[in-house]
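Given only the sequences and the hints, what does the whole structure look like? Please build it.
Those protein sequence lines, which keep their order, are chains Z and L.
Each residue of the first sequence is one higher than the last, beginning at 1 in this note's numbering.
Each residue of the second sequence is one higher than the last, beginning at 1 in this note's numbering.
Hints may be right or wrong, so weigh each one.
Said to hold, decoys possible - A short, non-exhaustive set of chain Z residues, derived as facing chain L with CB atoms under 7 Å:
{"#": "1", "residue": "Ser110"}
{"#": "2", "residue": "Ala212"}
{"#": "3", "residue": "Thr358"}
{"#": "4", "residue": "Tyr367"}
Stated by the list, open to error - No farther apart than 25 Å at their CA atoms in a straight line, the calculated lysine to any residue pairs in the SDA-like style are these:
{"#": "5", "chain 1": "Z", "residue 1": "Lys252", "chain 2": "L", "residue 2": "Glu348"}
{"#": "6", "chain 1": "Z", "residue 1": "Lys250", "chain 2": "Z", "residue 2": "Leu230"}
{"#": "7", "chain 1": "Z", "residue 1": "Lys12", "chain 2": "L", "residue 2": "Asp21"}
{"#": "8", "chain 1": "L", "residue 1": "Lys12", "chain 2": "Z", "residue 2": "Ala29"}
{"#": "9", "chain 1": "Z", "residue 1": "Lys303", "chain 2": "Z", "residue 2": "Asp30"}
{"#": "10", "chain 1": "L", "residue 1": "Lys115", "chain 2": "Z", "residue 2": "Pro325"}
{"#": "11", "chain 1": "Z", "residue 1": "Lys250", "chain 2": "L", "residue 2": "Asp349"}
{"#": "12", "chain 1": "Z", "residue 1": "Lys366", "chain 2": "L", "residue 2": "Gly59"}
{"#": "13", "chain 1": "L", "residue 1": "Lys9", "chain 2": "Z", "residue 2": "Gly31"}
{"#": "14", "chain 1": "Z", "residue 1": "Lys252", "chain 2": "L", "residue 2": "Asp349"}
Since the hints were derived computationally from the structure, they do not count as laboratory data.
In this text, a Cβ means the ideal position worked out from N, Cα and C, and glycines have one as well.
Number of protein chains: 2
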Amino acid sequence: MTDASDHFKAQKGLAGVSVTDTRISKSDADGSLIYRGYPIWEIATNAGFEETAFLILNGKLPTRSQLESFTEGLRKRAEVQRKVLGVMRELGRDADPIDVIRTAVSSLGSIDSEKDLRGKQMSLEAKMSVLAANCHRVPRGEAPRSPKSGLRFSDNLLQMLTAREATEYERRVFERVMMLYLEHDMNASSFTVRVVASTLADPYAAASAGLASLKGPLHGGANEAAMEMLLRVRDPAKAGEFLQTAFREKRKIMGFGHRVYKEFDPRARLCKEYLREMLARRGGDDTLYRLCDAMETEMWRAKRIPPNLDFYAAPIFYSLGIEVPLYTPIFAACRIFGWMAHYNEQLEDDRLIRPDSTYVGLSGLKYVPIEDRNP
Amino acid sequence: MTDASDHFKAQKGLAGVSVTDTRISKSDADGSLIYRGYPIWEIATNAGFEETAFLILNGKLPTRSQLESFTEGLRKRAEVQRKVLGVMRELGRDADPIDVIRTAVSSLGSIDSEKDLRGKQMSLEAKMSVLAANCHRVPRGEAPRSPKSGLRFSDNLLQMLTAREATEYERRVFERVMMLYLEHDMNASSFTVRVVASTLADPYAAASAGLASLKGPLHGGANEAAMEMLLRVRDPAKAGEFLQTAFREKRKIMGFGHRVYKEFDPRARLCKEYLREMLARRGGDDTLYRLCDAMETEMWRAKRIPPNLDFYAAPIFYSLGIEVPLYTPIFAACRIFGWMAHYNEQLEDDRLIRPDSTYVGLSGLKYVPIEDRNP
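Below you can see the structure in the form of structure tokens.
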């Protein structure tokens, strides 16, 4: 019995290890984010969701006719099959929304009748919004909501998610937040998608694995956890006290910190401004904005950790009247476009993603009959 | 517009990159494989499936009472819920078996009522066999098959998979092959499970992602593809000709080659011997063994690539009367134990698995209005 100490060191979390060349997007420690060559603020300020999705998938902004055919391709694939709704209904009223979407997407692998790869991907891209909006309705036995023709992609998701009428500014804010959730280089779910794609599995398998990783509170669940925290704190004057207690009890503060961004998350900065402006235009209560600002200030003072996208997207969704358990499903409805871009890039020059591990266990043990074993 | 060439090189496929320390198992280029300190042949020769599963999960061979309580824990969780069967039925008769299992496991995330982590994992471990045996029956509307009490875990899977009576030697061969499929350090699906676990997602999410990566022909599909190839070649005398044609047409030969094993795969060696002995004991036709041997010889002569586990497990399954589309489901029914060991080890000292990528795309582009874009 020997203790094998190995020759090479584990790169825990693969931090700082590059797994692939990419042309899709790049986040940088200095707080910059590039989508296919464009700084994120160029895109968030000027582009629409469909254009941005096309850009991320194809590497170029679309011409008018490309955009129309892309939009039409999504539109005609949006209807979720009766059998998929049947699967969702089986899960029952207490099902977790992300479980419901993952199971629905997984079932599409058998139920969807798309023939070619791009058709399958567009089907997933189109249906993910509809699944996000219906993931808690259908298992409760409520009637599914559908997209309306003639609406922007983001307007459609918003109208399916909420019953209320939104102003044009509110709808534009929602579209921008969706664009910010669309893609973010090698995050945990996109990496999961690439790992699965590298086995040459189909896009339904890859997307369901992406959804599996979104289930984790360290990844997709963060926007919901951030909102629940904000609702608990409520009063901007209590932000400092709340954080001090959390630090003492070693609780993780959701919505802060990022593997890449150490100074600021550019998406959080944009969303903070959208939240401020949206509440200002309404002219009413801006407590939620002041609370976020106070949390950000206190957190920076105490720990030098900046808020991330989830921290400011959550109060925007909340102010738009969207139920908290739907925040991660919205993430999925946006990120599916990024996932498919990563799927395609992985397959352009595939090598099975199969890392090694450093064995630090025993070796050379001999089998001992069960009667002779010590407890 | 600048071309950003980056400072650090991508480790494509993460080959040779260690992602974690591990005490679970270790495969080595020299053809050795260790399960928790024990050489694989010690285990395959002496241990049973339940003991091996316990060893991989807990790091020690069980005492009699530990083994009994482990076996009982699996036995009482084997029944697949009516709602899960309902989900499987919705997928329809043409559904791919791995799609069916993945969707069923995903649905368990909402349907299963286990409270604690180990209960959830044992539920998955127990039910995966039942799902594997029923993944093509239930969607076709056939009655589900169930485990019988008092049988070994592997005997139960075999009796659910086939209608025929197997001899004691055949059943022992099946058990050994199951033990060889149980765990294999950082393979693509176990790595997928760890990536998902690292987000702190639950074991149902992690297992469904593992199944997603098994869908890929470069990983889980290999045993089925190997069998289909053997059935196409049929005649041992045609092995050389078949391979030469395949090389000329640059077709991949399934069941050969491995990221780690370059000289030989110890599991393939064991299975080759089991196949030989099983056919010899029957005293009848040994063409399938001779065909495999001829393929191995020709492949080694031409390319110096050894067969892997899938290559020799497939003809064993075939000789036991198991339908080819069930080979990957069997893989899943065994590997779920390894997946859960990796899930637990990841969580013992978790860090989110979030690699980086090397951006080689453009930067600094300016948004151009749609009317001014070139196709």
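State the violated hints by number, sorted upward, taking the hints as numbered earlier in the document. Structure breaks no hint.
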